[in-house]
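Student: Start from the sequences, fold in the hints, and give me the full structure.
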Amino acid sequence: MQMDGRVALVTGGSRGLGAALGHALAREGARVVLVARGAPELAKVVDAIRAEGGQAHGFVADVGVKEDIHRIAGAAAALAGPIDLLVHNASTLGPTPLRLLLDTECEDLAGVLDVNLMGPFRLTRAIVGGMVLRGRGLVLQVTSDASVNGYPTWGAYGVSKAALDHLGRVWAAELEGTGVRVLTVDPGEMDTAMHAAAVPEADRAALADPAAVARQIVEIVRAAEDLPSGARIEAARWTSPRARPALAGAGARP
Amino acid sequence: MDLAACPAGARRRGGAPVKTAAWPREETEAERMLVVDPDRDAIADFIVRDLPSRLRAGDLLVVNDAATLPGSLQGEATDGVPVEVRLLGPAEDGVWTAALLGEGNWRWRTEDRPAPPRLGPGSVLAFPGPANPIPDGSPLHATVVGVSEVSPRLVRLVFDREGDALWAAVYRGGRPVQYSYVRAPLALWHVQTAYASRPWAAEPPSAGRPLTWRILLEARRRGVGLAAVTHAAGLSSTGEPALDAALPLPERFDIPAETVEAVARTRATGGRVVAVGTTVVRALEGAAESGEGRLAAGEGRTSLRIGPAFRPRVVDGLLTGVHQPGESHFELLQAFAPEPLLRRALAHAEAAGYLAHEFGDSCLILPRSV
Chain L
6 MQMDGRVALV TGGSRGLGAA LGHALAREGA RVVLVARGAP ELAKVVDAIR AEGGQAHGFV
66 ADVGVKEDIH RIAGAAAALA GPIDLLVHNA STLGPTPLRL LLDTECEDLA GVLDVNLMGP
126 FRLTRAIVGG MVLRGRGLVL QVTSDASVNG YPTWGAYGVS KAALDHLGRV WAAELEGTGV
186 RVLTVDPGEM DTAMHAAAVP EADRAALADP AAVARQIVEI VRAAEDLPSG ARIEAARWTS
246 PRARPALAGA GARP
Chain F
-8 MDLAACPAGA RRRGGAPVKT AAWPREETEA ERMLVVDPDR DAIADFIVRD LPSRLRAGDL
52 LVVNDAATLP GSLQGEATDG VPVEVRLLGP AEDGVWTAAL LGEGNWRWRT EDRPAPPRLG
112 PGSVLAFPGP ANPIPDGSPL HATVVGVSEV SPRLVRLVFD REGDALWAAV YRGGRPVQYS
172 YVRAPLALWH VQTAYASRPW AAEPPSAGRP LTWRILLEAR RRGVGLAAVT HAAGLSSTGE
232 PALDAALPLP ERFDIPAETV EAVARTRATG GRVVAVGTTV VRALEGAAES GEGRLAAGEG
292 RTSLRIGPAF RPRVVDGLLT GVHQPGESHF ELLQAFAPEP LLRRALAHAE AAGYLAHEFG
352 DSCLILPRSV
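The listed protein sequences derive, respectively, from chains L and F. Heads up: the first sequence begins at 6 in the numbering used here, then just goes up one per residue. Heads up: the second sequence begins at -8 in the numbering used here, then just goes up one per residue.
Since the hints were made in silico from the structure, they are not lab data. Even glycine gets a Cβ: it sits at the ideal position worked out from N, Cα and C. Treat each hint with caution, since some may be false.
Claimed, not checked - What the simulated footprint calls covered on chain L by chain F, stretch by stretch (three residues with Cβ under 8 Å from a Cβ of chain F suffice, anywhere in the stretch; the number is not a length):
hint, segment
1, 52 to 64
2, 83 to 97
3, 101 to 109
4, 150 to 163
Tutor: Structure below.
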């Protein structure tokens, strides 16, 4: 999907990968609406994108709160127009330091599912109907390798991301033939506040720069029509099908 | 009026006989759909899930993709007198048209509410509810910049902020317009269609409310096309006779080029255009009217009043609610089916226990063959 003149809605847009995606998509010419809980941080990112000449809006909301979902969908469309690209980037680890499932409160697991699973489900549901009507749109879910590996202490987060991955597959199957696509992207380990909260002892030099990962995700968005809807993509290992003609179409739909 | 005095089935407009749906139902596909066939001079009972089977391959279903605004803002005049503002979207160059209601809340019928204070140009309204946290958290204010000749309750407003800050305040502090006959306050999700996209509607474009994606995709599988317009569905009632008599007010619409093409294709191949809701009829016929018969893409405004003498140029049939004599909607239906048939349909709906109003049952007026 070419983003020039299109509308992108990115949750978790005030820092880390979300903020980087806001910048990267605005540079592509998209009108970007960023959603986050923290007003001051969000305003800084919006101002920075505008200072670069990009078109950006901010809306303060919590994707884990049911009442906020139609507010996000409505305000975003009012500010920028009907949504072409919906990026579910916001997520929570739950309480940190991360803990064993045996030490996880039920309420904490539910809280993680509210943000990482119910939020994306509700927001997709509020926005994707309009995409189907227009016959185009892309929903991009940000996941983690914790969704496929059973890492100790990553239980609540990993379960929520595994469910999100599968949500993406079912959305894709149900939306087959409508022109609306769903992709799930694992950005890999990045140097973000979230990573620092999860793995405080990590060597930051070994972590990816969110801005570089955001550029890679923009390439994935550009190539979305050539990718099978429902695919789960590891950003670090992905190369554009257009950059490797021998393999072009290998993963594409017949 | 308290809640107990507003039971399910309360009569709303002029003592009409059809019962009222007092709350959104969960299984909308199972809601009833009265099919009115002008060709056969016949009526028949169906449910909403049957809609695809009542259409033909090659027909085009046109929906209104307007999302419903949280356009009811509780404010106060400078002397502290409460005023409810109901926004009529979308704003033009930052100027909003709005209807003002006086003291009271959603449990009161609009016609029972006291008149709002008369506000002239320059009057300021404050909205002390949840305010926008960007940039400084100050309460939203609006200034009256014009008053309608139709009624002093219809004004033009300018807010003290715009863009991100205005929409944050509206979506934080506003609620969808409420109805006294509904059992409890309606949330924003109660008043959206399955395909709501652009927040233009003051009140829900309710004909599309029972349509699920299963129904819409089933219609598409059967060869029925699906297209959209955006129409800023207006207020159903303000409580003031002069203003209510002037409803519907001129309303904005937008017709995408894809829809113009879909209508042309449908026409060329002998299909029929079926509007989901009177707002779609007004948008398409209003556009054709201003194009002197030719449907053109783009935004416009229509004050078209459709009645028995109106000859539709674009729309052949429509899905709508259960409408009763005395409503402007009932007048509009007479452009598609003769009044005696519509009256028979209504008598049947009443006897068979159909429900009316925003969350009520449906009525499909089939296209005439000539």
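Student: Does each hint fit the structure? Answer for all of them.
Tutor: Consistency of the hints with the structure:
no.: 1; hint: 52 to 64; verdict: holds (count 3)
no.: 2; hint: 83 to 97; verdict: holds (count 4)
no.: 3; hint: 101 to 109; verdict: violated (count 0)
no.: 4; hint: 150 to 163; verdict: violated (count 0)
Of the numbered hints given earlier, the model fails hints 3, 4; all others are met.
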